Amino acid sequence: MADQQPMEGYRGRAAEKLGEWRVRTWSEVCVVNDAGSEFIGVILPRSETFDDLHIVLKQKTGYNVGIHVDRVREIKELGYKKAEYKIPEKEFPRNPGLPAVTLLGTGGTIASRLDYRTGAVIPAFTPGELYGAVPELADICNLTTKKIFGVFSENMGWPEYCQLAQAIGDEINAGADGIVIGHGTDTMGHTAAVLSFMVQNLPVPVVIVGSQRSSDRPSSDAALNLTHAVNAAANGDIAEIQVCMFGPTSDSYGLLHRGTRVRKMHSSYRSTFRTLSDIPLAIIDRDNQTILHPDYRRRDPSRQVKIDAVYDDRVSVLYYYPGMKPDLVEALVEKGYRGIVIAGTGLGHVNKPLYPALKAAIAQGVHVVMCVQTLWGFAQMYVYDTGRDLLDIGVVPLDNMLPETALMKLGWVLGHTDDHGEVLKMMRAPVSHEITGREPHNGYIVLQGGLPEVQEYIAGHWK
Amino acid sequence: MKLIHSAPLDYEKIGLVVGLEVHQQLLTDHKMFCKCPAGLYTNEHDGTVLRHMRPTLSELGEYDGTALMEFKTRKNIIYLLHHSNTCTYEMDDTPPFLVNQQALDVAIEQCLMLGCDIIDEVHIARKQYLDGSIPTGFQRTAIVGVNGKLPFRGRELSVTQVSVEEDSCREVSDQAHLIVWRTDRLGMPLIETVTGPDLRTPEEVEEAILLIGRVCRSTRHVRTGPGASRQDVNVSVAGGRRVEIKGVPYAWLAPALVHSEAWRQVNLLRLRDELHQRGFTKPEDIVVEHADVTELCAESNLKVLREEIWQKHIEHHDWRPGFELGKGRFCVRAVKLPGLNGTLNWPTQPDLIFADELRGRLRVIAGLSQQPILVQSEKWPVYKDSRQEMRQLLKRMRCGADDSLVVIWGPEQDTLTAVEEIRLRYVDALDGVPHETRQPLPDGTTDFERILPGPDRMYPDTDSPPTMITRERVEGLQADLPSPPWERYERYRRAGLPDNTIFYLIRRNGADLVDEIVAKTGADLRRVGFFFGEELKGLARAGVNVEAIGSERWLEFFSQAQARPLIWEDRRQVLRTLAAEPEADFEDLLDDLETGAPRDWQRRLDDVLATEYIKHGAAEPEKRQRYYLGVAMNELRGMVLVADVAQALKERFNG
Ligand SMILES: [Zn+2]
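These protein sequence lines map, in sequence, to chains S and L. Residue numbering for the first sequence follows the working numbering, starting at 1055 and increasing by one per position. Residue numbering for the second sequence follows the working numbering, starting at 162 and increasing by one per position.
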């Protein structure tokens, strides 16, 4: 936002009109239209996706209006005040008795302030800024922050994963008692999975956190999520890569999910993250943590973290659908892809016309693995003929590994070796519970709304 | 020290200025930003959500006044959901869907009716509300038109802007730290019409509310019934500040509320002068001292000061820690107000004093809610040994003759918040009238609701794209627009209809039918207006099911009545038949009625005269003629025109 052009977003006729009256974005103006109405306010930048026919004004009353260029009779500049995006810092109080937590920033805004003049959201990130926005953090830890990079979550990729893994290693070696990673939620699950492979033998918790309602909103889940995450990093006993997000959609408690088993399950709910085919690691709130999963790696500062940040990005997921044509597989092979994760139907199936293409791919040294698009449950290809055929061809089942986790792992494994046998061995050997031998009966619970007993349950609990 | 109590006020002299924000629900199928049905209310729920509102940092990196206050209250907010009228949008778990175009159309209609300049590109903004009334923490709202006006008492009432916005939740309960809302009304489309500060007396306020209500109804696309329209009344006097009385449910309540608020401001300005005179001018001049006096009051005869009574209070209301209940142990706190003796009893609104101003703030901000919320030395309650107990407390706090004392009780944390709030209210008093919103009470007084937020709480809604309002769209709506009420009023008045009848027709939407009948049948406006405005009520009272007669039927009736005056004269009988057989063919029904003059009617008239003459020989000729006409018409109505009978009578008497 710092180096915006004077005509931000305006083009064509709107830009012409502004030029004609020698005004620009952030000019404080009085616009008179053909009906004699006067609009006094600041010219706001305009989204480039909108038309070139309107000038947007934030009026003194706070309301925004768009004025059609054809109706403009006069624009008087009353002043000019460029928006300054800066949050006054307050010093984050140091308390020698509290644990040291490092917050690594990747680009998502965890805390922010709003510029009421323009409506812009300004991220708060330094400890001082965060202290101004979420003062509760000072009761939990001594906070250090490091901005690793600034990208939207959908723009995260392999280079960023490696950079992030290195940063985690550095912070742990520098003595952090816990790490929190601020991250957009869209691909948070992918990052959690890949870090589970790249960062091993953790001595302290690494907690990934974000928000489903941005922090410029009074109802945002950001501050509470951040508080939970910092608590988990500072005081938690689980030395693994975890995702910390809302349990219910209510402001109640958060859940700690294992990095390899977590998935975003709703496009917009606060309680969108769920552990699949297993139960979450723990319940967490501001003050307490309740361990749910008996099997986790405990905090042990003497343990030496191992950073293994390698990758090969020539990997992809094929989401199988009825009638899929073999040319998709052929195209991937032709383009040089080295690994393919199939999200198959049922227990791990695809149709017959794909067989020859898969056979050819494997013959060329491409590693083809199978997960299930049902998300819950196992790829058990020995049950039906179709599955047995695929096994014969050389497609390797990954049991109950989630498709996204499998993709991340395949890229990471291919960073180590291209040897077919070695790749398959590594893929099938769990690093961090990405394959579990068994699925507990409470590992799959998707309650069906509308049923009397479910309604009764819902009536008695926060949604 | 001159104290002013409730009495008539010279509104011009005190510089009373009032403006309105009139909210009117729209008659749309769906809500404003989602596809939930509009207007479907429920009193049960099948899901609950718990939330809190956290103020967002403002430009200076500080929380603004309202935000800070709301955060201090640390309210737990519960939403009651029912699947029939609430989706994930209302829960703030899904971004808004595209704005309801039907609602936008009605808002444009309202703008056109008020002569507003329509905004070319409508932008949705967010207006922060941290009281929980909207789960997002802000209301989505957009200006649709500006600079309108409407004729009012021979002058113009300016309309600053018309906006379209989503309605808020309905409050279910508000106890200490827990507020409960129902989401059925949330998201209903509203239009808000904002007038300029043009009103000068309480009576004008009522009239303006009714006038704007008539304009809204004239669009034919608004909801009616309880809660469908509510207004905020902005009041100030010279030297005072704009105070917003929020959600006034009835126009008739407005004059009393405005009067009370005018008094309040006048009295608060006098209190300001008094404080200045005593040397309190700057915030730091107000110093309060406080102490925990729980022990001292443990055996008090004023029961609310005793812990066991507090415990009973909690049990009785079923208050839960972490929900209704504030933090800390039970605590009685004495607050000394040095040099402020006489200010607690300072009158404000009729029958209310400055201590009530403190009560309002402590209830809302500190979460103290056990009545009477505070007791104070200038009006100490009377009970056994009350004087003695008060003296004990005054002594404990070392209060002199110039000092006052306030005692509060509740969870410790809340009593501490309360001390600070008492100080802040006195700091505000140095400046006269604080910017605040107040809730209307049925007795015409108001109570504190919250600090009035400034324009700083508005910012663009990044979730919604703007909507371009094309000329074609505006022209299309303009073409179908019913006439505005004042235009109608003028037309009806010129036709000779009385005011009451006109307002009744406009309010009940009968005016549309009247205009349609006049336009299509050529009937006389005065006749049709009077019929629907007055006569119809009489028919209904007489047991005629007028509801059964549809608008098509009315058109038929009036066009027949135009052509055959006899039908009009016999309308009571004709309509009785029409109402009884709404499905029957109109012509057939008319055939069944005796219409057309019988050949022997002159002879029948003579018969009537012969029998009645004996009874009524003596009266003067004019009176006699009128009497005979009445008697004769009882027999001949629907068969012979009144005018013909009258003429025949005249001939007999004069001839
Ligand atoms: Zn909805």
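Because the hints were derived from the structure by calculation, they are not lab data. Misleading hints may appear alongside valid ones.
[Stated by the list, open to error] Examples of chain L residues lying across from chain S (beta carbon under 10 Å, computed): (1) Ile238; (2) Pro312; (3) Asp622; (4) Met629; (5) Thr682.
In this text the structure is predicted, and so the values were computed from the model without any measurement. Note that beta-carbon positions come from the ideal geometry of N, C-alpha and C, so glycine has one too.
Q: Return the numbers of the hints above that this structure violates; sort them in rising order.
A: Checked against the structure, the hints that fail are numbers 2, 5, while the rest are satisfied.
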